[in-house]
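Hey, can you work out the whole structure from these sequences and the hints?
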Amino acid sequence: MKRINDQRIEIFLSYLLRWGVTLSATVVAVSGFLFLLYHAGDTPHFHTFRGEHADLTSLQGILHAMLQGNIKAFIQFGIVLLIATPVARVFFSIIGFILEKDVLYIVLTLIVLGILMIGIFSGLGG
Amino acid sequence: MSLLTFTLILLAGALLAGLLGSLTGLGGGVVIIPLLTIGFHIDIRYAIGTSLVAVIATSSGSAAAYVKEGFSNIRIAMFLEVATTSGAIVGAILASYLPTYFIAILAGIVILYSALISLRKKQDHLDMDQSSKLARILKLNGDFPDEHGRKIPYAVHHVAGGYGMMMFAGIISGLLGLGSGSLKVVAMDNIMHIPFKVSTTTSNFMIGVTAAASASVYLTRGYIDPVLSMPVVLGVLVGSMIGARILMKATTSWLRILFIVVITVLGLEMIYNGVLHKI
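Line by line, the protein sequences give chains E and P.
First residue of the first sequence? That's 1 in our numbering, and the numbers climb one at a time after it.
First residue of the second sequence? That's 1 in our numbering, and the numbers climb one at a time after it.
Think of the hints as simulated: they come from the structure by calculation, not from any bench.
Watch out, some of these pointers could steer you wrong.
[Said to hold, decoys possible] Listed below are the simulated EDC-like cross-link pairs for lysine to aspartate or glutamate, each with C-alpha atoms no more than 16 Å apart in a straight line:
#, chain 1, residue 1, chain 2, residue 2
1, P, Lys197, P, Asp127
2, P, Lys139, E, Glu100
3, P, Lys197, P, Asp124
4, P, Lys197, P, Asp146
5, P, Lys139, E, Asp102
6, P, Lys139, P, Asp129
[What the hints assert, rightly or not] Some chain E residues well away from chain P (every beta-carbon gap over 12 Å; in silico):
#, residue
7, His64
8, Leu67
9, Gln68
10, Gly69
In this text the structure is predicted, and so the values were computed from the model without any measurement.
Ideal Cβ positions, reconstructed from N, Cα and C, are used throughout, including at glycine.
Here you go:
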């Protein structure tokens with residue numbers, strides 16, 4: 001019984017991963033194309049590290065810049081969606097464990113989610 | 001060079017990396033850092049951020065394909081993700097205290113190690129001794145279908161040792177922006193005696209989650225540039241999708257050897273550049 005349940009959840013999760021990757025790749029491709037239309041002649045500057053502008057280093061900043069029509073922020077939003085995809089995978093695996101009333105694994109999943117949230121919100125990068 | 005030319009060349013390079021990575025099963029991530037730093041003279045910090053994003057793309061893309069086969073073990077994955085994600089955060093923090101040349105040398109060593117590991121014979125350590133108490137408490141033992149659809153049960157061993165190795169793999173992944181799939185497979189095959197089919201697919205599953213933990217730290221630190229990530233992510237993704245199609249039809253042993261040679265050269269070059277403080 002346990003395995004059948006696992007299997008169905010896992011198939012749902014595989015679709016989730018595929019949707020996440022497809023969605024983020026589409027956002028990155030479309031906004032990247034638009035960006036290149038305007039900036040094809042720019043000179044790349046990645047030899048020296050300057051770090052991204054504050055607009056592009058937090059979800060809040062990215063959303064704000066998107067509202068102002070910053071195309072780079074749209075590409076970055078696609079990248080954020082891509083990073084969020086495996087996080088969503090962890091989040092939704094908890095459903096399977098709840099259905100199975102597997103307390104141990106509900107706790108383990110919450111711990112993994114907690115660690116991921118530390119990475120996202122703690123400002124460790126700052 | 002204009003940004004358009006730069007982007008197109010990078011797209012082609014990433015496509016090739018994704019293609020070879022999926023044909024050989026080594027993952028495209030391993031060559032992205034040397035491609036960017038040695039090939040394009042991009043600062044290693046941008047290279048790490050970009051590589052992490054590419055690793056997430058390939059891992060999520062191929063995990064979607066693997067899961068249906070029913071080999072991966074979601075409990076093993078979740079339990080070990082506690083180790084890999086916490087390691088990844090530690091690695092990402094460490095990265096800001098270490099000089100870039102040191103990171104380059106370490107990346108070279110890990111790249112060489114991946115090449116070495118891929119030469120090894122795939123051999124299952126399947127044994128049914130269910131004496132590991134931790135494995136039973138954590139419900140890690142499972143089964144997978146063989147080619148006739150029969151269920152083959154397996155028992156998991158040395159849980160604590162495997163957990164420790166996974167934490168190390170997480171630190172390396174967070175520090176260098178690699179998937180460190182080779183280290184993960186070693187932990188699962190050699191230490192925990194998980195059968196190869198299960199360990200490969202489960203490890204692939206975990207790579208994306210591990211990379212997401214450190215990618216979010218790198219994003220806030222400004223290491224992830226949208227203009228640079230765009231061609232790399234799209235190239236690696238399309239490349240690995242094409243690779244997965246070809247894989248079903250063709251035998252790839254000569255390609256494998258070619259890729260291993262390429263990786264070895266790139267790894268040595270990373271170490272060389274690091275030692276000379278050129279990176």
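Does the claim that histidine 64/E lies outside the interface with chain P hold up, using a Cβ gap greater than 12 Å?
15 Å, holds
Given pair status - aspartate 124/P, lysine 197/P, alpha carbons within 16 Å:
9 Å, holds
Outside-interface status for leucine 67/E - nearest CB in chain P farther than 12 Å
16 Å, holds
Beyond 12 Å from each Cβ of chain P, as asserted for glutamine 68/E
15 Å, holds
When you look at the beta carbon of glycine 69/E, is every beta carbon of chain P farther off than 12 Å?
15 Å, holds
Quick one, are lysine 139/P and glutamate 100/E close enough, alpha carbons at most 16 Å?
13 Å, holds
Within a Cα-Cα threshold of 16 Å, do lysine 197/P and aspartate 127/P meet the stated pairing?
Within the cut-off at roughly 15 Å; holds.
Would you check the hint for lysine 139/P and aspartate 129/P, treating anything up to 16 Å between C-alpha atoms as holding?
Given that 16 Å is the threshold and the Cα spacing comes to 15 Å, the pair holds.
Against the 16 Å threshold, does the CA-CA distance of lysine 197/P and aspartate 146/P hold or violate the hint?
With Cα atoms ~10 Å apart, lysine 197/P and aspartate 146/P stay inside 16 Å; holds.
With the threshold set at 16 Å, check whether the alpha-carbon distance from lysine 139/P to aspartate 102/E stays at or below it.
Given that 16 Å is the threshold and the Cα spacing comes to 10 Å, the pair holds.
Going through the hint list in order, the structure satisfies each hint without exception.
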